[in-house]
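K.L.:
Okay, here's what each chain looks like letter by letter:
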Amino acid sequence: MLGYYVDLAVRSLKRSPGLTLLMVLAIGFGVAASMTTYSVFRAVSGDPIPWKSSQLFVPQIDIWGPKGRLDGDNGEPPDAMDYTDAVALMRAHRAKYQSALYRISPSIVPPDPSKHPVSVGGHAVYSEFFAMLDAPFKYGSGWSADSDEQRAAVVVLNSKLNQKLFAGANSVGKTVDIDGKDYRVVGVLDNWNPKPEFYDVVNTGGFTTDQEDVFIPFQRAIDVGMTNDGNTNCSEIPKESGFVGLQKSSCVWIAYMAELDDKAAVAAYKDYLDGYFRDQKQAGRFNWPLNNRLRDLPAWLDSQHVVPSDTKISLVVALGLLVVCLVNTAGLLLAKFLRRSSEIGVRRALGAPRLAIYTQFLIEAGIVGLTGGLLGLFLTWAGVISVGWVLPKEIATLAHVNLSLLVLTLLVAVIATMLAGIYPTFRASRVQPALQLKSN
Amino acid sequence: MSVHPMIAALRKHKAGVILIAMQIALTLAIVCNAIFIIYTRVDNVRRPSGLDEANLFLVTQQWVGAPSGDDPDSIAKLDALEREDLAALRAMPDVESVTPTNSVPLLNSSWTGSVALKPGSDLRGGTARTAFYFGDENELATLGVRLVAGRNFTAADVVNRAMRDQRQPSLVIVSKALGDKLFPKGDAVGKAVYFNGDTMPTTIVGEVERLQVPSTSSWSSGFFWDTTIAPIRLNANFSRYLIRTKPGRLEAAMRAVTPTLYKTNPMRVLDDDSVKSFADIRSDAYRADIGMAVLMGIVCLILLAVTAAGIVGLTSFWVGQRHRQIGVRRALGARKIDILHYFQLENLLIAGIGALIGIALAIGLNMVLIKNFEMSRMPIVYVLGGLVVVLLLGQAAVFVPARRASNVPPVVATRSV
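Chains as they are written, first to last, in full-length UniProt numbering: chain A, 1 to 440; chain B, 1 to 417.
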């Protein structure tokens, strides 16, 4: 019977090719527009480390108090840390893993003297950074806690820079000239570029075209005066000048992340953080009430507005477009089905139950949806490819077509069209056989 | 023509009428918000930076092995490197003027602070916020901004300082917008102000007509034109040079600049992004805005096309359904134009109802966008514009099926189906 309904539907659709084409085009464009914007939204709103994001926390301490806040801050404490507190938290070492980190942009002199120096990007981090974020290593590993202590001249390269400097070979043990000093390579990451760059949202905004090429020990970078390349926010002018002056100031420029595996650990850490504030307050550093934050990664990304509002607006508007396309399809299906009232009348008079009418017309709607979906697949593919023309590079490169997007496109098309077909089908099934037969 | 029988007829097609009205309402709501978004973005892109943007490019470079300390010796070395570069750049045949600078408008790399009329106020308080540009006596000429009051910097005004040196400049030129914000009487030149909560006064020596801040993000919207230029050559292990070339020589100068700098000193980093024309800086800065405008434009087009197609489809169906009635009316003396008008008026009625609902939806959608996505309030003119658009769209879409209806011959009335 199903085959027969499919056959009937195809015949009926062929009978009014104009109307059918209209419906297919509407569904195709509607689905493609929403799926294209959804692919961008999915790319920027995705969890960069889904298996662990609920265990990663970003502490914030209100070291500026109310006078440091601007109008739009909503009582939020500073979103980064000053040097004093970051180092104090590292020394206390209350979490399973933790790392203070700041963005650096040193230059690298290639061993080949005929080549010009290159500028690279990266972060100064503590040894636990790699284990905490499950950074995948291709060769070697991160450095040890001892290297943190000794301020060792060691470096972890990302695979792209390793390709450039060592043609992709295992470079562990070799040396790299960074800002005129030799660093020993201890590990090479396996092309690790999580998006958003969740461990340093403050300096990258989450999405950036800057590369992460090198990671060196935090205290080593401080020792050699490797300045921070990113935002520095101050609530008062540092008393001393230079990078050393910055370290002694209350300016915030350091990102911080800690791994806390269970609720008890989170509570304990929150207690520690609050206790730390109270101690400092007692010591006369602060004269305002406690206002700390300890957000897990998803909440932190949300509070930092990592997903660009443009992306959300586009998604909302595109979904609106899809709804219009469906209303349109519902109207056209209604017209199409009611035009066949006499046919329905005959079928009903010959004993077809309402259910049969339902099945027949929903199948017809489904076929329209499927065809529209196929067109939508093609348009979505074209759309995702061409977002590179209209969106900023750092976002456009993240959107891509994959199997799940294609399946979803088809599903949305078919299900949405069948939903749009429910009312017209209901109306069709209510056709009074007697009335239709009489008027003929 | 009486509307009464029309309404009576429409009651027979409730579902179809509701669907078309709904579609028109949604279309109106989305289209006027989308057009408003397009307008805001285009407006952003079109605001003049204050610069004479032609023949302008920026070089950002980093020295390798340069001192990183803040001691006088290191600073002297860095300044020597920088002056060496400036001399080499100024000697280039295609170059008209050069200034060292920390940033330029639209570069999205900002240095901001506060200005106050009194000494020692909070850094984050102050009378106004401002973005700083640091350059030498050629900064104004190179930017191409117009001095409207006071004087330009002279070579004697220019000092060199470490990038993280916290001392305030002794004199500055401000944008007129900032000058007027601080001194509403418009007499800012010659007055003393205090930057970043400092106690040392800074004298305003001049005012430029217009100069945009480097950032194009929303956080800077409160002080978008409030800029300060200080005669300071900043010394760090990197430097930026803004270069104005002789007319039409931009490309030649951009090609020649990398070899020139490497010849002066090979121990430096100059990569693909180091040399950027101002046109590229502008297009990067507004890429997201233009992209959003294009996206909204595409959505509007699809939306209007789909709605028009929907109206054509449903009206055609109704015309087919009422074939016989039309014939009867024609036989009873209705002219072709009456039939045409009937369908046009019917569409106007449905579209009108839809548009009324659409106006409410449009304002609602705008409110949702304001609440969640930092959008501004949509002026009512967009809603009215959208209203006109959907009504015209309805009329245009209904014309073809209505014409077909008007061509139904009266003889149809005498035939049974």
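Honestly, I wouldn't trust all of these hints.
Unchecked claim - Below, a list of computed lysine to any residue pairs in the SDA-like style, where the Cα atoms sit at most 20 Å apart:
1. K239(A) with K77(B)
2. K160(A) with Q211(A)
3. K181(B) with A236(B)
4. K77(B) with K181(B)
5. K312(A) with D165(B)
6. K181(A) with A236(B)
7. K195(A) with Q211(A)
8. K276(B) with R90(B)
9. K263(B) with P113(A)
10. K239(A) with P72(B)
11. K115(A) with Q163(A)
12. K14(B) with I222(A)
13. K195(A) with V109(A)
14. K12(B) with Y382(B)
15. K312(A) with P119(B)
16. K248(A) with I222(A)
17. K77(B) with V224(A)
18. K248(A) with R285(A)
19. K195(A) with P113(A)
20. K118(B) with K14(B)
21. K164(A) with D280(B)
22. K263(B) with V109(A)
23. K312(A) with A305(B)
24. K371(B) with V224(A)
Said to hold, decoys possible - The calculated label-pair distances, taken between Cβ atoms and stated as ranges, are:
25. P5(B) with F426(A): 26 to 32 Å
26. P184(B) with N402(A): 30 to 36 Å
27. L290(A) with S109(B): 32 to 38 Å
28. L403(A) with K336(B): 53 to 59 Å
29. D273(B) with T84(A): 31 to 37 Å
Treat the hints as calculated values from the structure; they're not laboratory data. For clarity, every value in this text was computed on a predicted model and none was experimentally measured. Every residue, glycine too, gets a C-beta built ideally from N, C-alpha and C.
K.L.:
Just to be careful, I want the Cα atoms of K77(B) and K181(B) compared with a cutoff of 20 Å; is the pair within it?
P.N.:
violated, 39 Å
K.L.:
Given the hint that K371(B) pairs with V224(A), test it: the Cα-Cα distance must not exceed 20 Å.
P.N.:
This hinted pair is violated, its Cα atoms lying about 47 Å apart.
K.L.:
Check the hint pairing K263(B) with V109(A) against an upper bound of 20 Å on the C-alpha distance.
P.N.:
Roughly 17 Å between the alpha carbons, so the hint for K263(B) and V109(A) holds.
K.L.:
Quick one, are K160(A) and Q211(A) close enough, alpha carbons at most 20 Å?
P.N.:
holds, 9 Å
K.L.:
Between K14(B) and I222(A), is the straight-line Cα distance small enough, at 20 Å or below?
P.N.:
Outside the cut-off at roughly 74 Å; violated.
K.L.:
Between K239(A) and P72(B), does the CA-CA distance stay at or below 20 Å?
P.N.:
It holds: about 18 Å lies between the C-alpha atoms, which stays within 20 Å.
K.L.:
Next pair to validate is K276(B) with R90(B); report whether the Cα-Cα distance is within 20 Å.
P.N.:
Roughly 18 Å separates the two Cα atoms, so the pair holds.
K.L.:
Is the Cα-Cα distance between K181(A) and A236(B) 20 Å or less?
P.N.:
holds, 18 Å
K.L.:
Do the alpha carbons of K77(B) and V224(A) lie within 20 Å of each other, as the hint requires?
P.N.:
Status holds; Cα separation ~18 Å.
K.L.:
Mind checking the alpha carbons of K181(B) and A236(B) for me, to see if they're no more than 20 Å apart?
P.N.:
Violated, at roughly 32 Å.
K.L.:
Is K312(A) close enough to P119(B), meaning Cα to Cα at most 20 Å?
P.N.:
violated, 44 Å
K.L.:
Take the C-alpha atoms of K263(B) and P113(A), compute the straight-line distance between them, and say whether it is at most 20 Å.
P.N.:
The hint holds at about 15 Å.
Figure legend: structure checked against the earlier numbered hints; hints not met, in rising order: 1, 3, 4, 5, 12, 13, 14, 15, 19, 20, 21, 23, 24 and 26.
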